[in-house]
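Chemist: Now for the letters of each chain:
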Amino acid sequence: MPDHQHNNLKLPEGSIEKQTQTLNLGPTHPATHGVFQNILEVDGERIISAEATVGYIHRAFEKIAERRNLYQITPLTDRLNYCSSPINNMGWHTTCEKLLGIETPKRVDYLRVIIMELARLADHIVCNSVIGVDTGALSVFLYVMQYRELIYEIYEEICGSRLTTNIGRIGGFERNFNATAWDKLERFLKEFPKALKEFENLLERNRIFMDRTVGAGSISAEKALNYGFTGPNLRAAGVDYDVRVHSPYCSYQDFDFNIPVGKTGDVYDRWLVRNQEMWESLRIVRQAYEKIQAFKGEAAEVFHAEVPEYYLPKKEDVYTKMEALIWHFKIIMGETAMPAGEVYHSVEGGNGELGFYLISDGGRTPFRLHFRRPCFIYYQAFPELVKNTMLSDAVIVMSSLNLIAGEMDA
Amino acid sequence: MELTNEYIKQRLEDKFGEQVTQFETPYGMFSFETTKENNLKVLQFLYDEPELGFQFLTDITAVHYPDQEGRELAVVYHLHNLAQNVRIRFKIFMPISQPDVFTATSLFACANWMERETYDFYGVNFVGHPNLKRILNVDEMDYFPMRKEFPLEDQTRADKDDDMFGRGGNIF
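Residue numbers (full-length UniProt numbering), protein chains in the order written: chain A, 1 to 410; chain B, 1 to 172.
Do not take every clue at face value.
Under 10 Å between C-beta atoms, here's a sample of chain B residues computed to sit facing chain A [claimed, not checked]: (1) Arg11; (2) Thr35; (3) Asn38; (4) Lys41; (5) Phe93; (6) Ile96; (7) Leu107; (8) Arg134; (9) Val138; (10) Pro145; (11) Phe150.
Straight-line alpha carbon distances no greater than 16 Å define the calculated EDC-like cross-link-like pairs of lysine to aspartate or glutamate that follow [as the list claims (entries may be wrong)]: (12) B/Lys148 x A/Glu298; (13) B/Lys148 x A/Glu66; (14) B/Lys9 x B/Glu24; (15) B/Lys148 x A/Glu335; (16) B/Lys133 x A/Glu335; (17) A/Lys63 x B/Glu24; (18) A/Lys223 x A/Asp240; (19) A/Lys106 x A/Glu298.
Simulated coverage check for chain B against chain A, where a stretch passes if three residues somewhere in it have a Cβ under 8 Å from a Cβ of chain A [said to hold, decoys possible]: (20) 1-10; (21) 21-33; (22) 47-57; (23) 112-122.
Think of the hints as simulated: they come from the structure by calculation, not from any bench.
All residues carry an ideal CB built from backbone N, CA and C; glycine is no exception.
So that you can see chain A by itself, here it is in the shape it has in the complex (with noise of 0.2 Å):
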């Protein structure tokens, strides 16, 4: 008789020997949203405690950045947080700009704002679908989608790419927006909000939904910070903290929307907060529309700021003027030296503050540059939220949280 089974005889009559296992979710799973491995123990369903690993897909982004020169670095930024990477394009292009001094006019911040709160509406339809599907919901999944699908399209329509857009350049964007791209946007100001009305009936007083997510994985406001949340995980806890507010860059103070707050920092909060939040993207896109509208003249064809150390100029300005032919040549062999100086500037991205930390010695690559990257700081929270919950209960938990594998990992 094995030793285990012969020391369940000693136990009183009627009681079972207590046991757990050590259950691997992940890397790769389907309920794992991306390449990260969670081990957790498990007695039956119950999850006791858990051990959070990346570093699957990591690529070393800090260190290739230090051989490219500052326009070269925008694809690596893009293959962050995949789900909204305009996002993190223009925080790196105003971190360029910030480090350079260069001032964008008043219409390509906005273009850039309608750029930036599309993607935020695409991270979080993808987002808050997702939790839906790890829910057993998958119509509201596949009813949603399709708006990404519009988003991505007039993505195409400005920078010709989907996913990884390398939209924008230093200074303002490569092109305007033309005409089917405004065409689209309009589409989806028209039919977006019905779809996003139908989505919450669908999803918000759902008894098995809020069954699965009031209560799941919630964290106090302190505690929170203490985990050094930002962005929806953070607002859903019940700080009111937005970077787009706090420290405007592109000019978003002169946008009026609400940041909408949680109480309890669960999952059905999370949820709540990222829907009320592409509520009030679209009152933001509205807005920048309208005042992209009101530019006449000359001024409605600006698309970017005039600085042509780091822009590249048309190619039939190459071919026919000299300057235009030097400028293109310095900047393509990185001929352009910037500043010395360190500086720090952070975007609100998806799923909170992306920061780009820039030194620079006064060569023409960065001498250091360090991505603070929002999920990988707050993953580390994940043991805690799921501990003494269920196994199914840490599925819906990670898919709150917004993570992506490709900006934790960077």
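Starting from the structure of chain A, add chain B where the hints point.
Modeler: Relative to chain A, chain B alone:
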């Protein structure tokens, strides 16, 4: 009371005297330097004092300056007073031969992974850290890849040499 850079500087000088130096405000962010023995005391002071209230740790990272003898490694802290929306940065320097500093995990839960990442890339030894092991790189790695002695590209490539462009010198 509005929290100004002058006030923060004054409070730090009153408390730490000559242990805090290099006060600057590059690109609008107040920054200073302190000794590596003082990092935790400074963090605690900034956290505890009600008028200062830097209770949000935005970021910890490190920088390698290979040319500064005895001060090769810098650990950089970014702190934020959310209520008054004031950000500050401070640095501590240490020799690469003995990169020991105190951990901030007792004060900030979020310092745990940030310090692990800093250790992973620069080899900074955070004394008292509950679980100081690599986080993004493989455990078997026996060097700290973000240090400047590990360049990214093949050193033998001549096509990127500055000599080719009339600048002289060598970019490596």
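Chemist: None of the hints should be skipped; say for each whether it holds.
Modeler: A quick look at each hint next to the structure:
With a cut of 10 Å, the hint placing B/Arg11 at the interface with chain A is violated, because the nearest CB-to-CB distance is about 22 Å. Hint status for B/Thr35 relative to chain A: violated, with the closest Cβ pair at about 20 Å, above 10 Å. The criterion of a C-beta within 10 Å of any C-beta in chain A is not met by B/Asn38, whose closest approach is roughly 21 Å, and the hint is violated. This hint is violated: B/Lys41 has a C-beta 19 Å from the nearest C-beta of chain A, more than the 10 Å allowed.
This hint is violated: B/Phe93 has a C-beta 14 Å from the nearest C-beta of chain A, more than the 10 Å allowed. Nearest Cβ of chain A to the Cβ of B/Ile96: about 15 Å, over the 10 Å cut. The hint is violated. The interface hint given for B/Leu107 is met, as the beta carbon of that residue sits about 9 Å from the closest beta carbon of chain A, less than 10 Å. Checking B/Arg134 against chain A: minimum C-beta separation of about 8 Å stays under 10 Å; hint holds.
Against a cut-off of 10 Å between C-beta atoms, the interface hint on B/Val138 holds, since the closest Cβ of chain A lies about 8 Å away. For B/Pro145, the interface hint holds, since its Cβ comes within 10 Å of a Cβ in chain A; the closest pair sits about 6 Å apart. Hint on B/Phe150 holds. Least Cβ distance to chain A is approximately 8 Å, under the 10 Å limit. At roughly 48 Å between alpha-carbon atoms, B/Lys148 and A/Glu298 are farther apart than 16 Å, so this suggested pair is violated.
Distance hint between B/Lys148 and A/Glu66 is fulfilled; the C-alpha atoms sit about 10 Å from each other, no more than 16 Å. Restraint check: the Cα-Cα separation between B/Lys9 and B/Glu24 comes to about 10 Å, which is no more than 16 Å; the hinted pair holds. Between B/Lys148 and A/Glu335, the direct Cα distance comes to roughly 22 Å. Violation of the 16 Å bound is thereby established for this hinted pair. A C-alpha spacing of about 40 Å is found between B/Lys133 and A/Glu335, which places the hinted pair above 16 Å, so the restraint is violated.
Distance check on the hinted pair: A/Lys63 and B/Glu24 sit about 27 Å apart at the alpha-carbon level, beyond 16 Å; violated. This hinted pair checks out: A/Lys223 and A/Asp240 have alpha carbons roughly 15 Å apart, not beyond 16 Å. Taking the CA atoms of A/Lys106 and A/Glu298, the gap is near 13 Å; set against the 16 Å cutoff, the hint holds. Beta-carbon proximity to chain A at under 8 Å applies to 0 residues in the segment 1-10 of chain B; the threshold of 3 is not reached and the given coverage is violated.
Taking a C-beta to C-beta cut-off of 8 Å, the segment 21-33 of chain B contributes 4 residues in contact with chain A, enough for the three needed, and the coverage statement holds. Taking a C-beta to C-beta cut-off of 8 Å, the segment 47-57 of chain B contributes 3 residues in contact with chain A, enough for the three needed, and the coverage statement holds. Judged by the Cβ-Cβ criterion of 8 Å, the segment 112-122 of chain B is covered by chain A as claimed, because 5 of its residues qualify and three suffice.
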